[in-house]
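Enquirer: In the order they appear, the protein sequences are chains E, L and B.
Take 1 as the starting number for the first sequence in this note's numbering and just add one per residue.
Take 1001 as the starting number for the second sequence in this note's numbering and just add one per residue.
Take 2001 as the starting number for the third sequence in this note's numbering and just add one per residue.
Any given hint might turn out to be false.
[Said to hold, decoys possible] Keeping only pairs whose Cα atoms sit at most 30 Å apart, straight-line, the calculated DSSO-like set for lysine-lysine is:
#  : chain 1 : residue 1 : chain 2 : residue 2
1  : B       : Lys2230   : E       : Lys139
2  : E       : Lys139    : E       : Lys43
3  : B       : Lys2230   : L       : Lys1211
4  : B       : Lys2230   : E       : Lys7
5  : L       : Lys1081   : B       : Lys2199
6  : L       : Lys1050   : B       : Lys2281
7  : L       : Lys1012   : B       : Lys2320
8  : E       : Lys43     : B       : Lys2320
9  : L       : Lys1201   : B       : Lys2320
10 : E       : Lys32     : B       : Lys2230
11 : B       : Lys2199   : L       : Lys1199
Since the hints were made in silico from the structure, they are not lab data.
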Amino acid sequence: MSEELAKEIIDNFSNTGVSYTSKYRMYIQTPKEELFRLLEYLKDNGFKYLVMITCVDWINENEFELVYQVGNFNTPLRIIIQVRIPRNNPTYESIIPIFKNATDYEREIHELFGIVFDGNPKLTPLFLEDWQKFHPFKKDFDSREYVKVTFDSIPTLEEYK
Amino acid sequence: MKSNTEKKSALKPAKSIKYLFQKPITFRYPFETRDASPRYRGFHLNDWEKCTGCGNCADICPTQAITMVEIKDLPVETGKKAERPQIDYGRCCYCGLCVDICPPGALRLSRDYLHIDHGTESFVYLPKDEKSDKEHFVTKDKYSIFQANLGHRRANYEGFVSELNFVLFEPERTPMNIEPPEVRINSFIEEVKGYTAEKAKEESERCLECKLCEDICPAHMKISDYINYIYEDNLEDSVKDIYIDNPLPGVCGRVCTHKCETVCSLGKRGEPVAIRWLKRYAVDNVDVNHIEDIVQVFASSKKQHHIAIVGSGPSGLSAAYYLSLMGYKITIYEAKPMAGGIMRYGIPKYRLPHEALDKDIKIIQDMGVEIKTNTTVGKDISFEEIKNTADAVFIGTGFMKGRSTRIPGIDSEGCYQALPLLEKISSGEDFWLGKEIVVIGGGNVAFDIARSLTRIQKKKYGEVKITLTCLEKRDEMLADEEEIIEGQEEGITVKPGRGPKEVLFDNNHKVKGLRTVKCVKIFDEEGKFNPTYDESDVEDYSGEMIVEAIGQAPDYSYLGEEIMKKLEIVRGKIITDEYGRTSIPWLFAGGDIVHGPDVIHAIADGHRAAQAIDTYLVNRK
Amino acid sequence: MITRELELYYGPQHLGMVGNFSITLSVEGDTIVEAKANPGYLHRGFEKLMEYRSWTQNLTLPCRINVVEPDSMEMIYMMGVESLARIEVPERAQYIRTIVLELSRLASHLFGAWAYANMLGFDTVAQWAMAYRDFVLDLFEELTGGRVYHIYMCPGGVRRDLPDGFEEKVMNFIKTLAGHVPDFDAALFENKLFYKRAKGIGQISRQEAIELGATGQVLRATGMAYDIRKVEPYAAYDKVKFEVPTREDGDAYSRLWVIHDEMIQSAHIIMQCIENLPKGKVYERTPNPFKWKIPKGETYVRIESSRGELGAYVVSNGGKNPYRIFFRTPSFTHGIPILEKLLKGANIADVGNIMISLYVVPPEIDR
């Protein structure tokens, strides 16, 4: 069943590649314009369940990679879709019209990585409070440096002695 | 899904009286302190005698809670650092990774876990244990949980300890392919086959990068760096790091006495990393021309001074290499037909094949160093002449003469010295060989000659009959343990603890054997060499050929009387400072004639003397 | 009648709250008009912290994400690393991991029973449940050396073998607990007061549950028998026999009964594992922790924790540290969208009821 599905995906969507890392994990790489149509297509074919949305920061290639995962209760197969968007001024469309529970995942990615999702009504801060300066999960934010700079006023243990 | 409070009745509450006579379901704990489980992860314990200060615990701690602090009062021991771990309990998460990686198993976790204090200073703690700190570790009857503190802990209360099956390092070495004895005594082929790429990667992965080996290596090579390059398959950078401190790695990779391996952390409870064989792997697998290109990176501009070096052994070649890199012009005077010194004419081919030695020498020669072989200083050219042509002179002539036991009969035909025989074997010359041989001596040279003679005996007569006897007892013998074991596998009979008395002759005045007596003590009360024997315990060993290999001595006749008067010589060795400077400003010395005792010390001497010669010449201007 | 909307802070310190979590309620009279969940009190940035430490050093971090059931977080990280590095875990280690996971599931369900019973006012049952949880923690202390944070699993197996006499102690504990189940039933689960307080509260239909991303008991209480231990077995679950309990209604009452049945199934699994425990080694040594690099790739692994589907998406770019780890936790969807939907139109008195019956653990939301 997964082979037929893979074949149909490659036929109907442009520039899309399908690969497997193991029996029940299918990875699809697709350009960002095709994602919406692809998710609708998968939902029509039984993959009604959005498992997660997350983001990986590929700073050397200057791109963010958004990772979506959909599941189906009739088969153990999980489909993971990877989409690349450019790293400067990142925006993307929200998939709330297809999957209702995407709201909070997109909210988390907006707060931690800085990607703006058009169409999401609830892009308010989720974990961090009063943190308008920068987005902490990006690779150019060094948390150890930040700790040294911000909390420098507290003397270290050697100075204590 | 049924509910049992449906029917109402006035008598229902009376039913609960039966619980008056039943045991309560909640278990009552009287206030007795309960010991924590035998594997509890509490505060740290450290055995300061086993701890080597390697710092692996500090490297692996995920919260950076451990720092290594220098302890000034620790007794100085070789192979250990005078540092001990200090734990910051504000950061420690009690995971026990430091226990699982500690190579000697000194760091453990105890079952204590309570500590209360007003300030934060006491939370930074140097753990000891009941052996070295009797004040803070008290026995069970004196211990009180109400005073539990980092300064009031219970002795013999270990919790999470290190177990060898579950440690994070690999205690077993990757096995090396060594020829079995029945194959190797048929020829002088190299007995250690060397690692393949896969095995070298597996072995180099074991190194924990604690750098205890770098401190004890006489040349202070960057061992953990070059092993890391081997792990990453980057042999060029590995060879480059090796050549910073050692220009003869092909030799050292086969015959070095590997002090580094004796102090390797993994050797405390397992087998040390095979540092010597990994060095050999890196050097063998990089082409000669490639190495010459790599080495040129360190070269500096040419200078006009000229330096003469007497002796092309390891110290001379090493000094020549470093001085040549600094830009000086070098001439080496070598008495024998080929360069190499004791490396070519003393170490047999099954330990050090000549191809490896020639590769190392070729790299040094191609840097522009001139080696004049078959030129004996004192005969073909005088030392005065050499002094006049050079701005500084380095002597590394080594101990090339053999010492004698001077027992009666040792001067007759049939008795030989080890070094001339080894020279003949190395050059391929023929000589007369006895059917039964006795070798006197228990050091590495004795085993070299004995094992070489087994091979020649096997080829000529078909069987091996060699007896080796020495003054030392079996566990005091000076040769490497591997040599003794491999020699015995090849058929040598080892008779330790015997002193030679006299050579026995048959009716035709031909050598028939050696008479020995039991040696009771070797050194007297002052520590001087003065063996005492038990003359009643006599053993005779039969043999037509006796070979002496009890030690080597130098030959300074080439220097001339004037220079010998100015030099300070104690027990055959020239006194120099740690940089090889003698009492004569333009004369430098290194190698066996300064202190020995092996190839790597000579190489380190050559390096330091090169630095001293450079300083001397720069300041002389 | 004039009604006005009031904003009420059901804050992080509240008797009906489990963990550090707050909800902002807009109430009109006694009914809630709108609810907004405010997580973030426990955000420690684990995913960023793990990018600074090597693969072996990281094994001390994931257990702190879920305080109530730390073993499932350890398991998911180990499975992710083992899947990327292609390490095979020995069979005895798989059985031991199953025993540890099931004991942890028992402890977590007992904790949930304590929280729910305490909130409703059934204090006796709550203390029984907490007492039995303490016995489980004692068993863990003997096995691993720590009561709450075990740090027992490592990539390649488990860190130490079972101590002597451990199997008997576990069997004794299970038998004692099993003997006490009728008392639990009589006091809480089959009690008419509990039926009246929990029936019909927080009802969610199967369609809505799937749309909003529910897994675990919330889904099984709506009638769908989906358990990852049966669908995609891991550890030793394909070698033991057990059933997946379900209920039909989808309200708080059904969810509690699903938990009750799951605890009994856990006891069966533990007994089977102990009887069939194979011999052998428990640890497959991984490469030197200072030099170990995992080849480039990514993977997604999942297990059935006591709350639902717990997954980890691990990305490696060939280095000594992970490049990105993302933990897909079940409390994220239970605690924010489902909670906000279920609280709409509910009574203020039922806020704690609904929230605890969803088994939200706040540290899992924040990570």
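Enquirer: Please flag the earlier hints that this structure goes against, numbers listed from lowest up.
Expert: 1, 2, 3, 5, 7, 8, 10 and 11
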